[in-house]
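Chain by chain, the residues run as shown.
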Amino acid sequence: MTAFDAGGLVGELEVTFDVDVLVGAYPDRDGPPGTPESVLAALAGHRVRAGAVASLRAALFDVRSGNDEVLSLRGTIGDSGSGGAGTGRDAAGAVDVIPVGTVDLRDPIGAVREIDRLEPLGVRAIRLFPDEQGVEAGFPSVRHVARRAALSGLVVLTGGDVRRFWQPFSGLEAKVVFLDTHFYHLGDFLVAAADEPGFHTSTRLLNSPDALETVPADRLVFGSRTPHYEPIVPLLRLATSGLTPDEVAAVAGGNARRLFG
Amino acid sequence: MIIDVHAHWGPWFFTMDVAGANLATMDRYGIALSIVSATEAVIYDAPAGNRALAEWLATSERHLGYVTINPRRQADAERDLREYLPTGRFAGVKIHTDYTRSPVSSPQTREALAMVAEAGVPALVHTWGATVLDLAEVCESTPGLRVIAGHMGADGYPYAIEAANACDRLYLEPCYSHAPAGRVSRVAAAVDRTRLLFGTDSTLIDPASAFGAVAAAGLDAETAELIAWRNAVRLFDLDITA
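So the protein sequences, as listed, match chains A and B. Note that the first sequence covers residues 918 to 1178 in my numbering. Note that the second sequence covers residues 1173 to 1414 in my numbering.
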């Protein structure tokens, strides 16, 4: 054990639903390859029991084959996991994969066509990658996709700066998780979410000393961005937060399960 | 035991209230000592912030201070270094290049860092992206200067590896509000481990971020101990033993 042993601080915390999981690699950075096997092993090793999984292949190259890849992972997979290095976490366990459909905002017509294809296949959430696709919040495609998702009550998991990306979803009774909310911008999320009961935020970048404690607990959902971010960081922050045990359980999965129906 | 070489004291302008959080948070993560700069000094008024910090440090046994320098205010900097370094409550100098709009390579920051070298203490300098390479260049060309690259370039950590390998008086500390996978392990594998330090950016960022990122690197015991405190003791010439 070293001075940087996180296992004791995280304790027995289990995440029952992680809304921010990817398979695939970013070609523009030296990150992990993101094979499904390695991603699921990383989740299991951190006691993450279920994940909303989206495809970088779909986001960056080909929507249909990427989405089919995550659809093929649907269900409970695996029975063992290795703990994250230095995390002191080594629990074995299966991971329940909830496939998330990715759409390409550079092609709004094709995006809606892909939603039409995915919905009968049981997909309950779509994911937007505006930063990766070079799409701004004010582009018509974002509002077009937001309207279509809201029409079916789909959950939208969206990247992008929450100070801008709240707007295309406003007034639609949309169910949205802002995956990139940084604690610098927490005030903007809070005032936008006050008028939008469907607005939620991921915990991933809420790393200031009191951000988790400032957001209404029923609007917080655990997100790690495994395998491209270190899952131990949001785990550690949640485990050591000032939230009550019931609130921690809700953030660690209960809220997301309610949202996904 | 951990020494946090990048921490702050004072209020922030974001949606946060951290006034009561500091000591309990340090205890939680095993941080015995934090070296802090005053937020007021970093963001707005260096002399006023340094003065307030000096008064507060007199009440705390678990903190040392950085004298913050605004490179655009060299006379203030000279006076503050003369006044606060001899007190023994300040261990180094802090320079934030963004809040003062004084890039590392600017004439005023070069001059400020020369002043720090003459004072004989390390300087913690904010680095982001490729600016850490500029810090290595300035450090290499300033005799006797020892610098800590704050955030080790943040998302530009590959540049931090290059910088640390270009100048043996440049140290790295990892604090960053993002935690890209493998960032700390890649740096630890590529840089002289006697020049790696631990910093959190507390009270702006909870230590969970930096602590978790280092934990995820799975460092061997000896390297972890160097990063946790031994390297800081040597760099700041602190009277601390295990």
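I should point out that these hints are in silico values taken from the structure, not numbers from a laboratory. Glycine included, each C-beta is placed from N, C-alpha and C at the ideal position. Don't take each hint at face value.
[Claimed, not checked] Residues from chain B shown here face chain A by an in silico Cβ test under 7 Å; the list is partial:
no.	residue
1	1182
2	1186
3	1230
4	1349
5	1378
6	1387
7	1388
8	1400
Hint check results:
1. 1182: With a minimum Cβ separation of about 13 Å from chain A (threshold 7 Å), the hint on residue 1182 of chain B is violated.
2. 1186: Holds - the Cβ of residue 1186 of chain B comes within 7 Å of chain A, reaching about 6 Å at its closest.
3. 1230: Violated. Min distance 24 Å.
4. 1349: Hint holds; residue 1349 of chain B Cβ to chain A Cβ min 5 Å, cut 7 Å.
5. 1378: Check passed: Cβ of residue 1378 of chain B comes within 5 Å of chain A, closer than 7 Å.
6. 1387: holds (4 Å)
7. 1388: Holds: closest Cβ of chain A sits about 4 Å from residue 1388 of chain B, inside 7 Å.
8. 1400: holds (4 Å)
Going through the hint list in order, the structure does not satisfy hints 1 and 3.
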